[in-house]
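Chains A and B are the protein sequences, given in the same order.
Following my numbering, the numbering of the first sequence begins with -16 at its first residue and continues without gaps.
Following my numbering, the numbering of the second sequence begins with 295 at its first residue and continues without gaps.
These aren't lab readings, by the way, just hints derived from the structure by calculation.
Every value quoted in this text rests on a predicted model; they were computed, and no experiment measured them.
Where a beta carbon is used, it is the ideal one built from N, C-alpha and C, also for glycine.
A couple of the hints might just be wrong.
[What the hints assert, rightly or not] Stretch-level coverage of chain B by chain A, calculated; a stretch enters the list once three of its residues show a Cβ under 8 Å from a Cβ in chain A: (1) 348 to 355; (2) 378 to 388; (3) 530 to 541.
[What the hints assert, rightly or not] The calculated SDA-like cross-link candidates involving lysine to any residue, where the alpha carbons are at most 20 Å apart (straight line), are: (4) A/K(-8) - A/Y343; (5) B/K385 - A/E309; (6) B/K495 - A/Y177; (7) B/K495 - B/D484; (8) B/K385 - A/V312; (9) B/K495 - A/E254; (10) B/K385 - A/Q23; (11) B/K385 - A/L95; (12) A/K206 - A/F334; (13) B/K385 - A/L(-12); (14) B/K385 - A/S170; (15) B/K495 - A/L82; (16) B/K385 - A/Y177; (17) B/K499 - A/H101; (18) B/K495 - A/L81; (19) B/K495 - A/H101; (20) B/K373 - A/R98; (21) B/K385 - A/R87; (22) B/K495 - A/Q23; (23) B/K495 - A/P169; (24) B/K495 - A/K(-8); (25) B/K495 - A/I78; (26) B/K373 - A/Y97; (27) B/K499 - A/R242; (28) B/K385 - A/W92; (29) B/K495 - A/W(-9); (30) B/K385 - A/D243; (31) B/K385 - A/I91; (32) B/K385 - A/W89; (33) B/K385 - A/H101; (34) B/K385 - A/R242; (35) B/K495 - A/F122; (36) B/K385 - A/Y323; (37) A/K342 - A/W(-9); (38) B/K385 - A/Y343; (39) A/K342 - A/M109; (40) A/K(-13) - A/Y4.
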Amino acid sequence: MKFKLTFWKAVFLVIMGLGLYSSYVRFFHGLGAATNMSDQFPWGFWIGFDCLCGVMLAAGGFCMVGAVYLFNVERLHPVVKPAVLTAFLGYLLFICGLLFDLGRPWFIWHQLIYRNLHSVMFEVGMCVMTYTTVLFFEFLPNVFERLNWKTPITWIHRIYPILIVAGILLSTLHQSSLGSLYLIMPSKLHPFWYTPALPFFFFASAVAVGLAMTIFESTQSAKAFGRQLELPVLVTLGGALLVALWVNLLLRIEDYYHRDLLREIFKPSYEAYFLWIELILTYVIPITMLSFKKVRLSPQLLYFASVSAVLGFITNRLNIAVIGFETYVGHHFVPRWTEYSITLMMIAMGFFLFGLAVKYLPIFAAETEHHAEEPRVIQAAPALSHAGD
Amino acid sequence: MSKALLYDATLCIGCKQCEGACAQQNHLPYDDAIAAEPVQSAHKYTVVLTKNDKYMRRLCMHCQEPACASVCPVGALHKTEAGPVVYDVWKCIGCRYCMVACPFNQPKYEWQSLNPRVRKCIMCPDRVAAGKQTACAEICPTGATKFGERDELIAEAKQRIEQNPANYKNRIYGLNEVGGTSVLLIAGTDVEDYGYPASPKIGEKPMPEYTGRVMERIPDFVPLWTLVLGGIYWISHRRDEVAAAEEAEKNGGKR
């Protein structure tokens, strides 16, 4: 196969090159050389983006599995496989990201033997580990289908109910526990973001992001891999996203009301500016847009609303992880370029692996279980062969 | 009974001998340049701060219920019976949750190291176990840092304040803060001026309770939620099965 350098391939190579250099700095010169973290800011951009956002952005997997297999929303069936693939890759990359952030990553397995049952971090770690295994099994049928191994597929289908229930249970636990991590810092995290309700917020936002990311990813893949967009799927997701955003917003308002902050959040301050960005991106833009039927029926506008919501929730997590501590610490946290570079490398790897999986595995083909019509698969094949471009 | 340190800022003359003794005890470098550093770090577990010719020591508070120990996923930190909060470096994975969780910002990190450790005052656990006092208390020429039983030190602190109310602020910092600490401070100035968090800000509730409230619900939540999820699965698939069976029956009837 001849290698043709396209614009995106060039971008990918540059990102990977810089990322590898940054990895060298990280592992051969230490965290101090590769990041701007310090005794004042022991957790920086990596915890905020790679961990908090990474896990949240991978929530589409459990949301779609829940919708289709638990609640039997048959309409959403076409998006389950890509959502599970995104989640599986997302968690793998999250674990890779963690290996960069941990001071002694070679001891990560210590969690298994020196268990501290009181630690939220221990719970998150165990859940993420188990859930990644569950995702692996949910993803495995793709490989078996490709290899045309019938028997292992039936085995996995036999344990599917267990995988589904376990996957959603584990997701509920660790998505919310990522919020619980911050419960022990009442004196440090700014009151705009510190609330006893953090675990609930983290779970509720994960569900909303799961929906928004599925819309984003369906539209994106349709463009990249030349597939037909399933409009009824998007319309269903858009409607659900609107409900999820309203639930999130009402929870936030309720929380601010209870803690007497409703007036405070409108007073200009450093934290308020970031809160406003967050609220406008997460709620004002997408809720206004999605309230119009015209938007919910237009793939393009739906895409825009979802991207806005996703960016809003990313802002929220970064506010919690970084901005919310700046007043307490007394100075700003500005990540070093190597920090961005490694995060970018993770994201680029995600896109690359997704493209690879789509190219070689029947991700977008109907499941054999549902009696795929052969012509459709064949028709899709020429489009898929460009997947790696 | 657990051991503790009482630091009386009114007795401190700022000689920094505690800093030097601490460095020696923990095999850390110490010279004039390090003595002049006004912050704690991976190579300086304790520091004597100066403000308007008044002194204040900072060191790990050795909380009765330490946040660092409760958050550590691998239990690398724990409070010993005798009082010190100690660190088992061979367990540590380097997540630094102890650092962000500590209300006093005591754990420091070896940011430049390729195999970094968390560093903080560990209250000379070997000396304490051998019945000796900590290195800093032993060397202190004025008795500003005093080692002893926590209860006895509290009684003594109260007595000193009572006997000399003009010299002291009427409070023992560490008596009830975050559920009480094994380092107690009395001073003529506000400890907050030297970077200690204000008492109302950190409260009197032990830090582990903030996350404990959530963690203790998990054992109940897991079976309950499994049951709910399994139930939903069963109902929604049962509906399909019934529909399929009815369909089959109808078709069968037609034939």
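Practice item. Could you grab the alpha-carbon distance between B/K495 and B/D484 and see if it respects the 20 Å cut-off? Key: 14 Å, holds
Check your understanding: Holds or violated: are the alpha carbons of B/K495 and A/K(-8) at most 20 Å from each other?
Key -> 52 Å, violated
Check your understanding: Quick one, are B/K495 and A/I78 close enough, alpha carbons at most 20 Å?
Key -> 35 Å, violated
Exercise for review: Verify the proposed pairing of B/K385 with A/S170, using a straight-line Cα cut of 20 Å.
Suggested key: Violated, because 28 Å separates the two Cα atoms, which is more than 20 Å.
Check your understanding: Holds or violated: are the alpha carbons of B/K385 and A/W92 at most 20 Å from each other?
Key -> Given pair B/K385, A/W92 holds - Cα atoms ~10 Å apart, limit 20 Å.
Check your understanding: According to a criterion of three or more residues whose C-beta lies within less than 8 Å of a C-beta of chain A, is the segment 530 to 541 of chain B covered?
Key -> holds (count 4)
Exercise for review: Verify the proposed pairing of A/K(-8) with A/Y343, using a straight-line Cα cut of 20 Å.
Suggested key: Holds - the C-alpha atoms of A/Y343 and A/K(-8) are around 18 Å apart, at most 20 Å.
**Study point:** Hint consistency between B/K495 and A/L82 [alpha-carbon to alpha-carbon, up to 20 Å]
**Key:** Violated, because 34 Å separates the two Cα atoms, which is more than 20 Å.
Check your understanding: Are the Cα positions of A/K342 and A/W(-9) separated by 20 Å at most?
Key -> Judged against 20 Å, a Cα distance of about 17 Å means the pair holds.
Exercise for review: Decide if the proposed pair is consistent with the structure: B/K385 and A/Q23, CA atoms, cutoff 20 Å inclusive.
Suggested key: 23 Å, violated
Point to revise | Agreement of B/K499 and A/H101 with the hint, judged by alpha carbon distance not exceeding 20 Å | key: 17 Å, holds
Point to revise | 20 Å limit on alpha-carbon distance, applied to hinted pair B/K495 and A/W(-9) | key: Violated. B/K495 to A/W(-9) sits at ~51 Å, over the 20 Å cutoff.
Going through the hint list in order, the structure does not satisfy hints 1, 5, 8, 10, 13, 14, 15, 16, 18, 19, 24, 25, 29, 30, 34, 35, 36, 38, 39 and 40.
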